[in-house]
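Undergrad: Read off the chains here:
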Amino acid sequence: MSKAVGAIFLKELNDLLRRRSFMLLCAAMAAVVALALLITSLDYHKQLSDYQQYAQALAQSGAAAPAAPPQLSPLQQLRGGIEYIEIIGPVLAIVAGYGSAAKEKYRGTLRLFFSRPIGALDLAAGKLAALGVLWLIIVLVLFLVMTATMHFIGGAAFSAAAIAKLTLSLAGAWAYLAFWSGLALGLTCFVRQPGSALLICFIIWLTVVLLLPQIGDTMDPDNQVPGGLFQSMHVDKSNEHAIMAHFSGYETTRNALEETSISKHFERASFAFLGVKQIYNQQPVGFIWSETWKDSASLLAALLASTAFAMTQCNKRNLIGRRMK
Amino acid sequence: MNRVYNVTMSTESIIRTRGLCMRYGGNYALKNVNLEIAAGEIFGLLGHNGAGKTTTVSIITTLLKPSLGNAEVCGLDTLRDSREVRRQIGYLPENVELYESLTLRENLLYFARLSGVAEPDRRIEDVLQFLDFTTCMDKKLSTFSKGMRQRAGIAQAILHRPRILFLDEPASGLDPQGVIALRQNIQSLNREMGMTIFMNTHSLSEVTKTCTNIGILRQGELLYQDSLSQTIAAFPEHASLEDIYLRIDADGR
Numbered sequence: 001m002s003k004a005v006g007a008i009f010l011k012e013l014n015d016l017l018r019r020r021s022f023m024l025l026c027a028a029m030a031a032v033v034a035l036a037l038l039i040t041s042l043d044y045h046k047q048l049s050d051y052q053q054y055a056q057a058l059a060q061s062g063a064a065a066p067a068a069p070p071q072l073s074p075l076q077q078l079r080g081g082i083e084y085i086e087i088i089g090p091v092l093a094i095v096a097g098y099g100s101a102a103k104e105k106y107r108g109t110l111r112l113f114f115s116r117p118i119g120a121l122d123l124a125a126g127k128l129a130a131l132g133v134l135w136l137i138i139v140l141v142l143f144l145v146m147t148a149t150m151h152f153i154g155g156a157a158f159s160a161a162a163i164a165k166l167t168l169s170l171a172g173a174w175a176y177l178a179f180w181s182g183l184a185l186g187l188t189c190f191v192r193q194p195g196s197a198l199l200i201c202f203i204i205w206l207t208v209v210l211l212l213p214q215i216g217d218t219m220d221p222d223n224q225v226p227g228g229l230f231q232s233m234h235v236d237k238s239n240e241h242a243i244m245a246h247f248s249g250y251e252t253t254r255n256a257l258e259e260t261s262i263s264k265h266f267e268r269a270s271f272a273f274l275g276v277k278q279i280y281n282q283q284p285v286g287f288i289w290s291e292t293w294k295d296s297a298s299l300l301a302a303l304l305a306s307t308a309f310a311m312t313q314c315n316k317r318n319l320i321g322r323r324m325k
Numbered sequence: 001m002n003r004v005y006n007v008t009m010s011t012e013s014i015i016r017t018r019g020l021c022m023r024y025g026g027n028y029a030l031k032n033v034n035l036e037i038a039a040g041e042i043f044g045l046l047g048h049n050g051a052g053k054t055t056t057v058s059i060i061t062t063l064l065k066p067s068l069g070n071a072e073v074c075g076l077d078t079l080r081d082s083r084e085v086r087r088q089i090g091y092l093p094e095n096v097e098l099y100e101s102l103t104l105r106e107n108l109l110y111f112a113r114l115s116g117v118a119e120p121d122r123r124i125e126d127v128l129q130f131l132d133f134t135t136c137m138d139k140k141l142s143t144f145s146k147g148m149r150q151r152a153g154i155a156q157a158i159l160h161r162p163r164i165l166f167l168d169e170p171a172s173g174l175d176p177q178g179v180i181a182l183r184q185n186i187q188s189l190n191r192e193m194g195m196t197i198f199m200n201t202h203s204l205s206e207v208t209k210t211c212t213n214i215g216i217l218r219q220g221e222l223l224y225q226d227s228l229s230q231t232i233a234a235f236p237e238h239a240s241l242e243d244i245y246l247r248i249d250a251d252g253r
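Keeping their order, the protein sequence lines are chains A and B. Residue numbers for the first sequence follow the working numbering, so the first one is 1 and each next one is one higher. Residue numbers for the second sequence follow the working numbering, so the first one is 1 and each next one is one higher.
Think of the hints as simulated: they come from the structure by calculation, not from any bench. Even for Gly, the Cβ is constructed at its ideal location relative to N, Cα and C. It cannot be assumed that every hint is accurate.
[Unchecked claim] If you only want the chain A side, here are some residues facing chain B, beta carbon under 10 angstroms, derived:
{"hint": "1", "residue": "G6"}
{"hint": "2", "residue": "E104"}
{"hint": "3", "residue": "S115"}
{"hint": "4", "residue": "W293"}
The following block holds chain A by itself, in its conformation from the complex:
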């Protein structure tokens, strides 16, 4: 890292952490995640004590103690928290990425900046590094909030494998949030009026985070989806597979629609690692990875694309060479 990139990185990170309104929004997200976890933790705690009483009663009666039922996995309880990160997280990431470029575009500080002997990519590299570290800090805080709430309130014990799965899931959350910040930073530099960039970002957010996954869910006849066709008709999974074999074109289209959403890739990978999707619950990391690596790869590809977009757009020509109307 050059001295200039280091200086930009430190200043940007300082600016982001000093922005009270932004930090309040982050605190609100952390509070919502914590609240969701608190409720599920209490529920988990109750299920756990019920199960322990049941196991104790069995032991006292001389019967063999049952193995822990799969639905008592503490990781599954983190679903609510991940959903908040999936939906609210991009809003915060957009605000952070947008603010990073818009503040300088509006204040006119960049004329002085670009009169210094810095490299063409230094500004983008410094800003992206600061945004990356910001999301790393926030994801680490969320990791601590999640594990502490489940441990101290839910009474859950996390195995090393569970910690590894949670870490992988949160690494996905980091990539997902960094993707949105990179996109917002690139768009704010690319579009002449920063306000228009914010509007475009929110239209993309609405489409990618809410609309596309919702269309995919609505079209999904799976018997596990609430409101799904097969569930409402009480068709079991094996019959569902037999019926759907005749509608492979429909399923391919539906799946393709979902796969255009980066949020869906994040959700699929996270839910797999957390065992929210039953077929992955209590499965080893290697198995889950082999089944879902395409979702993680899509997430990584999206992050690289948004980073490359920000790197190419965060330049002198876009930031001071074009006149703002």
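Dock chain B against the given chain A, drawing on the hints supplied.
TA: Chain B in isolation, oriented as in the chain A frame:
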């Protein structure tokens, strides 16, 4: 027909532009500007609003790419060697926009690091002492007056000891005390540090008191360039630089 009265062709030019043109859409902001500025000059570029002064400075300081022509600073091409050119220059825009939430010291430290200044803390102390501005070191920029911002801007522009200092409308919005302090600073930088100064200005009285050489731009064309003393001698019938400026401007119409 427009005509350039006299263009000084010095062999020691520290700034040189050839056929500089800048087009925004269908409008020319600069038309074939050929400037030559020698090392050690305090050069004042005069012109109405929209004459192309800021565009000229923006091109020479590598902030803009010209549509046609080229500019050289210290013998370096502003397009090919833009990074090296920026090491040789300091720049103060018309509105000095430093970071409001940072103190003067923090702002200067940031710019010193961007410029690759060795021992930045010591250099900041030296520069602020030179500008007699040490008392404000730990105050936030948001508390600064226009004059103080201008001085902070100069401090940031000279931190890396540039050979040329560009000032865009430096006296704009300053009170009389601020103007006097600015003039003293410019003259000290020129005399004591040997800096060549290039300033855009509307203020003819400031040019008379500060500059050694002048140029006049009108609607993107360089009408005139010469030393101030030669200019005054060449127009003996006019009592002031203001009259000379109006005459050259009228001839250029």
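Undergrad: Any hints from earlier that this structure breaks? Give me their numbers in increasing order, please.
TA: Of the numbered hints given earlier, the structure breaks just one, which is hint 4.
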